[in-house]
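K.L.:
Below are the chains, spelled out letter by letter.
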Amino acid sequence: VSGQQRPDRDIDRLLSDWMADAAPRRVPDGVLEDAFARTASSRQRRRTPIDGLLSRPKGSRLLIAVPVALAIAAAGVYIAGHRSQDQLQPSPSPIATLATTPAPASLSPSPSAEPTAAAPSANVAPAQMGYSGLGSSLGSVGGATPVTLPDGSILFVGGGIGMDSSGFAISAGSVERFDPATMQFASAGRLRSQRMFPYVAPLPDGTVFVAGGDPTNGATASAERFDPSTGQSAALPDMPGPRRQGTATVLPDGRVLLAGGSDANGNLLGTSLLFDPATNSFTPTGSLHDPRMLASAVGLANGDVLVAGGVDAKGPTTSAELYDATTGTFSSVSSMAVARVLPALAVLPDGSVLVVSPDSKEAERFDPATGRFTSAGTMASPHSVAVTLADGRVLVAGGGTATPEVFDPSTSTFAPTRPMASSGDVAAAVLLPDGSVLLARGGGDPSEVLDLGGVGGAPGASPSPSPTPSASGAPQVPNACRLLTSAQVRSATGLSPGKADPTGSGPGESDCAWHGGAVKVSIRPLDPAAWTELNANPSYTPVTGLGDGAVAGGGSLFLHNGAWTVEIAVSPPGSPSPASILSAEVKLGRALLATLT
Amino acid sequence: VTIPDVERAMRGDHDAFTALVAPASGRLYQLACLILRDSDRASDALQEAIVHAWRELPRLRDPGRFDAWLRRLVVNACYDEARRVRRRAEVALPAADVRPIDSEAARLDERDRIERAFRRLPLEQRAVLVLQHHMSMTHPEIAEALGLPLGTVKSRIRYATSALRASLEADDRTGLAEEGSA
Numbered sequence: 007v008s009g010q011q012r013p014d015r016d017i018d019r020l021l022s023d024w025m026a027d028a029a030p031r032r033v034p035d036g037v038l039e040d041a042f043a044r045t046a047s048s049r050q051r052r053r054t055p056i057d058g059l060l061s062r063p064k065g066s067r068l069l070i071a072v073p074v075a076l077a078i079a080a081a082g083v084y085i086a087g088h089r090s091q092d093q094l095q096p097s098p099s100p101i102a103t104l105a106t107t108p109a110p111a112s113l114s115p116s117p118s119a120e121p122t123a124a125a126p127s128a129n130v131a132p133a134q135m136g137y138s139g140l141g142s143s144l145g146s147v148g149g150a151t152p153v154t155l156p157d158g159s160i161l162f163v164g165g166g167i168g169m170d171s172s173g174f175a176i177s178a179g180s181v182e183r184f185d186p187a188t189m190q191f192a193s194a195g196r197l198r199s200q201r202m203f204p205y206v207a208p209l210p211d212g213t214v215f216v217a218g219g220d221p222t223n224g225a226t227a228s229a230e231r232f233d234p235s236t237g238q239s240a241a242l243p244d245m246p247g248p249r250r251q252g253t254a255t256v257l258p259d260g261r262v263l264l265a266g267g268s269d270a271n272g273n274l275l276g277t278s279l280l281f282d283p284a285t286n287s288f289t290p291t292g293s294l295h296d297p298r299m300l301a302s303a304v305g306l307a308n309g310d311v312l313v314a315g316g317v318d319a320k321g322p323t324t325s326a327e328l329y330d331a332t333t334g335t336f337s338s339v340s341s342m343a344v345a346r347v348l349p350a351l352a353v354l355p356d357g358s359v360l361v362v363s364p365d366s367k368e369a370e371r372f373d374p375a376t377g378r379f380t381s382a383g384t385m386a387s388p389h390s391v392a393v394t395l396a397d398g399r400v401l402v403a404g405g406g407t408a409t410p411e412v413f414d415p416s417t418s419t420f421a422p423t424r425p426m427a428s429s430g431d432v433a434a435a436v437l438l439p440d441g442s443v444l445l446a447r448g449g450g451d452p453s454e455v456l457d458l459g460g461v462g463g464a465p466g467a468s469p470s471p472s473p474t475p476s477a478s479g480a481p482q483v484p485n486a487c488r489l490l491t492s493a494q495v496r497s498a499t500g501l502s503p504g505k506a507d508p509t510g511s512g513p514g515e516s517d518c519a520w521h522g523g524a525v526k527v528s529i530r531p532l533d534p535a536a537w538t539e540l541n542a543n544p545s546y547t548p549v550t551g552l553g554d555g556a557v558a559g560g561g562s563l564f565l566h567n568g569a570w571t572v573e574i575a576v577s578p579p580g581s582p583s584p585a586s587i588l589s590a591e592v593k594l595g596r597a598l599l600a601t602l603t
Numbered sequence: 012v013t014i015p016d017v018e019r020a021m022r023g024d025h026d027a028f029t030a031l032v033a034p035a036s037g038r039l040y041q042l043a044c045l046i047l048r049d050s051d052r053a054s055d056a057l058q059e060a061i062v063h064a065w066r067e068l069p070r071l072r073d074p075g076r077f078d079a080w081l082r083r084l085v086v087n088a089c090y091d092e093a094r095r096v097r098r099r100a101e102v103a104l105p106a107a108d109v110r111p112i113d114s115e116a117a118r119l120d121e122r123d124r125i126e127r128a129f130r131r132l133p134l135e136q137r138a139v140l141v142l143q144h145h146m147s148m149t150h151p152e153i154a155e156a157l158g159l160p161l162g163t164v165k166s167r168i169r170y171a172t173s174a175l176r177a178s179l180e181a182d183d184r185t186g187l188a189e190e191g192s193a
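Protein chains in written order, with this note's numbering: chain G, 7 to 603; chain L, 12 to 193.
Read the hints as simulated data drawn from the structure, not as lab findings.
Glycine included, each C-beta is placed from N, C-alpha and C at the ideal position.
The reader is advised that the hints may include incorrect statements.
[Unchecked claim] One-sided excerpt, in silico: chain G residues whose CB lies under 8 Å from chain L:
{"id": "1", "residue": "29"}
{"id": "2", "residue": "197"}
{"id": "3", "residue": "344"}
[Unchecked claim] Just the calculated beta-carbon pair ranges, DEER-fashion:
{"id": "4", "chain 1": "G", "residue 1": "19", "chain 2": "L", "residue 2": "26", "range": "35 to 43 Å"}
{"id": "5", "chain 1": "G", "residue 1": "422", "chain 2": "L", "residue 2": "160", "range": "43 to 51 Å"}
{"id": "6", "chain 1": "G", "residue 1": "271", "chain 2": "L", "residue 2": "26", "range": "40 to 48 Å"}
Model the full assembly from the supplied sequences, consistent with the hints where possible.
P.N.:
Spelled out as structure tokens, the structure:
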């Protein structure tokens with residue numbers, strides 16, 4: 007063939023023959039053994055839909071989750087005239103009688119913010135916390151920025167929906183809303199364009215600012231204003247250039263600071279913008295000293311904005327900067343001990359900021375007065391999200407472990423809570439109006455709500471909880487939708503999980519339906535005096551280890567625990583009476599735990 | 012590979028994972044060797060891909076695509092490995108088990124020419140050629156395995172083939188010239 011024109015088919019044959027000869031016959035000894043030794047000693051990462059949303063520096067793989075603090079920071083800490091997520095105080099709960107103390111003044115960065123209301127005391131032991139399983143979100147929670155609306159519901163904006171063959175999330179324009187009253191996720195509308203990692207911030211008029219982001223594979227300069235009340239979004243003027251993966255923080259005057267990020271080509275941005283919601287206009291402001299993307303930011307009590315971590319030109323960074331809204335400039339502060347990507351930032355009652363991230367078990371604390379980070383103790387596991395509780399402590403969760411921890415700022419110590427039902431990573435943790443915490447998962451994984459006071463009892467109460475009388479005297483029982491996960495219903499009925507759809511709850515009774523009414527699960531308290539009768543029932547079934555009992559009869563399952571007696575019934579479609587009995591683990595409140603077969 | 016096997020591995024069953032990977036390791040190692048043309052680097056790339064696969068497996072959305080996903084990880088690991096050795100002027104010669112056993116002079120000569128021409132190709136072009144000619148994958152399969160648009164795969168193969176042909180012809184001309192001067 008020398009000196010001749012080689013046709014492609016000749017090349018093809020030559021290549022095939024050459025490769026057949028050149029390919030090695032076997033893997034060298036020790037290669038697989040070494041690889042499997044490494045995998046056996048390393049943990050698998052939990053699926054974190056956010057992972058795929060990000061453009062990563064070449065050659066590096068970053069463990070990235072969505073810290074709730076990013077949401078708090080990116081969304082801004084507060085809506086003028088409304089309390090922020092950090093500031094949200096639980097409303098008096100009908101099922102909890104928590105002592106109250108005034109909230110720290112430092113948690114009121116907004117001059118226009120309402121005075122903080124009563125907050126529960128810090129005497130809720132982590133071990134007393136109870137979880138309630140929820141249905142899964144509609145799929146766009148992963149990677150989304152949660153925004154707490156004035157009515158207490160949570161808006162998830164800019165998340166991913168679906169994944170490609172590599173398990174990476176695909177951009178979405180969907181907006182999802184979580185209603186704490188019904189404990190449901192529902193569609194809240196759509197953005198004008200698909201955006202992954204946009205700049206998101208709540209605006210004073212209740213609308214939500216959304217700008218930039220990655221529509222498919224790049225970045226956009228477009229911006230819009232989403233109105234949760236209508237589900238509609240109005241176009242805003244474009245930003246000066248495309249950007250994504252930066253931070254958005256509401257300033258005390260209502261303007262939004264957009265800091266850093268990356269452009270359509272992945273180049274780091276040090277530039278920052280101010281969005282004025284009164285004029286719908288963007289103006290440049292000071293630049294970051296260290297251009298970065300995937301940082302986190304949070305508004306401080308003095309009006310400054312802390313921007314920490316992220317990825318700079320050298321990779322994950324320890325650096326942090328403060329934005330002074332009065333001068334419009336950034337200044338460097340001391341570096342963190344750990345390089346952190348998308349760190350979770352939580353404002354503490356004294357105005358300092360707790361910093362955690364999946365990068366390390368070591369937590370840090372930023373003191374705005376000194377501009378320095380100091381150690382805040384060591385967690386049992388690294389965590390990806392953090393939320394300041396109403397009592398000033400901080401719940402940290404996610405990061406591939408099922409066990410959240412509670413940080414006590416007075417002692418700089420972490421204490422584990424009860425494990426969640428699932429170890430699937432947490433995309434966001436948001437404080438709900440009743441003081442419980444929504445631990446939201448994306449990717450179709452079920453979310454959970456952590457009830458800080460346990461169901462039906464005040465903190466420090468007897469281990470055997472009793473129904474807590476409400477103002478009307480009627481015993482209060484938890485919403486069945488919060489007791490049973492769709493997975494449990496599926497286990498009991500074989501039906502596909504749907505969305506919990508509470509309907510018609512009355513005093514002392516609540517029920518909810520799964521999958522459009524296909525399965526009805528109800529729970530209601532029975533008269534404690536009925537226990538004697540139940541115990542005498544021939545179908546009485548002791549539940550080992552509880553000292554309590556269960557009675558199965560008429561398609562219903564009666565559980566008794568101390569003063570609690572409840573009925574849990576699962577009804578198939580169209581059936582007037584329950585026909586299935588839950589065989590899954592049933593967790594009721596903080597004391598009743600039964601596995602029934 | 013069955014989906015239940017993959018799902019077990021996704022849930023952290025290491026034995027299931029090794030049972031999935033071990034049978035495929037030979038072909039994956041061949042893939043890495045052919046792309047990198049260096050046995051040691053190919054071993055490193057294979058190890059990195061396996062470790063990466065284990066860690067990232069829970070995030071695999073479609074267990075039915077495990078094979079394609081694993082191939083992509085190996086190719087990506089080859090790219091990473093090559094970047095690490097980019098400072099070298101030339102990657103090392105293939106180790107003993109990559110060298111040809113055949114002793115026929117003409118065939119050896121032809122092999123050497125292809126070897127040299129192949130080494131001149133960018134890694135991205137080597138990868139598509141190996142997947143096509145050694146793994147016998149179709150263009151759509153290559154596109155899926157590498158996460159590339161179909162058009163990109165086709166054009167990359169076309170460019171790679173053209174470049175290889177040009178390189179071989181240049182080599183042929185050099186050889187003729189050397190023979191003439193001798």
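K.L.:
Evaluate each hint against the coordinates.
P.N.:
Structure-based check of each hint:
1. Hint status for residue 29 of chain G relative to chain L: holds, with the closest Cβ pair at about 4 Å, below 8 Å.
2. Of the supplied interface hints, the one on residue 197 of chain G is violated, with its beta-carbon coming no nearer than about 23 Å to a beta-carbon of chain L, more than 8 Å.
3. For residue 344 of chain G, the shortest C-beta to C-beta distance to chain L is roughly 20 Å, which exceeds 8 Å, and the interface hint is violated.
4. Checked against the hint of 35 to 43 Å, the pair residue 19 of chain G and residue 26 of chain L passes, with Cβ atoms roughly 42 Å apart.
5. Distance hint check for residue 422 of chain G and residue 160 of chain L: the Cβ-Cβ separation is about 47 Å, which falls inside the suggested range of 43 to 51 Å.
6. A hinted range of 40 to 48 Å for the beta carbons of residue 271 of chain G and residue 26 of chain L is consistent with their spacing of about 44 Å.
Checked against the numbered hints above, the structure violates hints 2 and 3; every other hint is satisfied.
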